[in-house]
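Turn these sequences into a full structure, and let the hints steer you where they fit.
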Amino acid sequence: MEINKIGKQMIEFQKAAFNNTFNSIAMMQDQSEKMMQNLMQQNPMLPKQSMDAFNEWLKMCKKARDDYKNTVDEAFKNLESMFDAGSKSK
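In terms of our numbering, the sequence shown is residues 1 to 90.
Calculated from the structure, these hints are not laboratory results. Please read these numbers as outputs of a predicted model, since none were measured by experiment. Hints may be right or wrong, so weigh each one.
[Stated by the list, open to error] With a cut-off of at most 25 Å between alpha-carbon atoms, the simulated PhoX-like pairs for lysine-lysine come out as follows:
(1) Lys77 x Lys5
(2) Lys62 x Lys15
(3) Lys34 x Lys59
(4) Lys59 x Lys48
(5) Lys8 x Lys69
(6) Lys48 x Lys63
(7) Lys8 x Lys77
(8) Lys69 x Lys48
(9) Lys34 x Lys62
(10) Lys62 x Lys48
(11) Lys63 x Lys15
(12) Lys15 x Lys69
(13) Lys69 x Lys34
(14) Lys34 x Lys48
(15) Lys5 x Lys15
[Stated by the list, open to error] Label-pair restraints from in silico Cβ distances:
(16) Lys48 x Ser81: 25 to 33 Å
(17) Asp84 x Gln31: 37 to 45 Å
(18) Met28 x Asp84: 29 to 37 Å
(19) Asp84 x Phe54: 39 to 47 Å
We put the CB at the ideal spot given by N, CA and C, even for glycine.
The structure is reproduced here in structure tokens:
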């Protein structure tokens with residue numbers, strides 16, 4: 001039973017570390033996005049197609065980031081359920 005408790009604590013620590021790192025990286029990406037959008041909007045020689053392509057690329061990056069976060073959250077949930085199942089069987 002003590003092993004399950006230690007395992008759960010380790011998972012919680014790793015989950016918190018991942019969430020903090022992920023949130024920091026997401027914040028930096030969002031700031032970079034705003035900066036690039038401002039630079040691109042101020043450039044009068046930039047064609048509209050380039051801006052549209054950039055915005056589409058940003059949407060794909062955000063979707064990939066969200067999918068990655070959901071996958072990792074699901075993996076943590078599955079790992080936690082393994083420890084829960086182990087503690088209930090004893």
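Tested hints:
Taken as a hint, the Lys77 and Lys5 pair is honoured in the structure, with Cα atoms around 15 Å apart against an allowance of 25 Å. For the suggested pair Lys62 and Lys15, the alpha carbons sit about 21 Å apart, so the restraint of at most 25 Å is met. In summary, the hint linking Lys34 to Lys59 is supported, as the alpha carbons are separated by about 13 Å, within the 25 Å threshold. Proximity of Lys59 to Lys48 is assessed by CA-CA distance (about 17 Å); at most 25 Å being required, the pair is judged to hold.
Annotation: proposed proximity of Lys8 to Lys69 holds, straight-line Cα distance about 20 Å (limit 25 Å). With a C-alpha separation of about 23 Å, the suggested pair Lys48 and Lys63 falls inside the 25 Å cut-off, and the hint holds. Distance restraint check for Lys8 and Lys77: the Cα-Cα separation of roughly 11 Å lies within the 25 Å cut-off, and the hinted pair is therefore satisfied. Proposed proximity of Lys69 and Lys48 is contradicted: the alpha carbons are some 32 Å apart, above 25 Å.
Only pairs whose Cα atoms come within 25 Å are accepted, and Lys34 paired with Lys62 is accepted, the gap being roughly 13 Å. Among the hinted pairs, Lys62 with Lys48 is consistent with the structure: their alpha-carbon atoms are about 21 Å apart, no more than 25 Å. Restraint check for Lys63 and Lys15: the C-alpha separation of about 21 Å stays at or below 25 Å, so the hint holds. In summary, the hint linking Lys15 to Lys69 is supported, as the alpha carbons are separated by about 11 Å, within the 25 Å threshold.
About 21 Å separates the Cα atoms of Lys69 and Lys34, which keeps this hinted pair within 25 Å; it holds. With a C-alpha separation of about 17 Å, the suggested pairing of Lys34 with Lys48 holds against the 25 Å cut-off. Restraint check: the Cα-Cα separation between Lys5 and Lys15 comes to about 15 Å, which is no more than 25 Å; the hinted pair holds. At roughly 49 Å, the beta carbons of Lys48 and Ser81 sit outside the given window of 25 to 33 Å.
Distance hint for Asp84 and Gln31: a CB-CB separation of about 38 Å, consistent with the stated range 37 to 45 Å. Checked against the given bound of 29 to 37 Å, the beta carbons of Met28 and Asp84, roughly 35 Å apart, stay inside it. Separation of Asp84 from Phe54 is about 45 Å and conforms to the stated range, judged on CB atoms against 39 to 47 Å.
Violated hints, listed in ascending order, are 8 and 16; each of the other numbered hints is respected by the structure.
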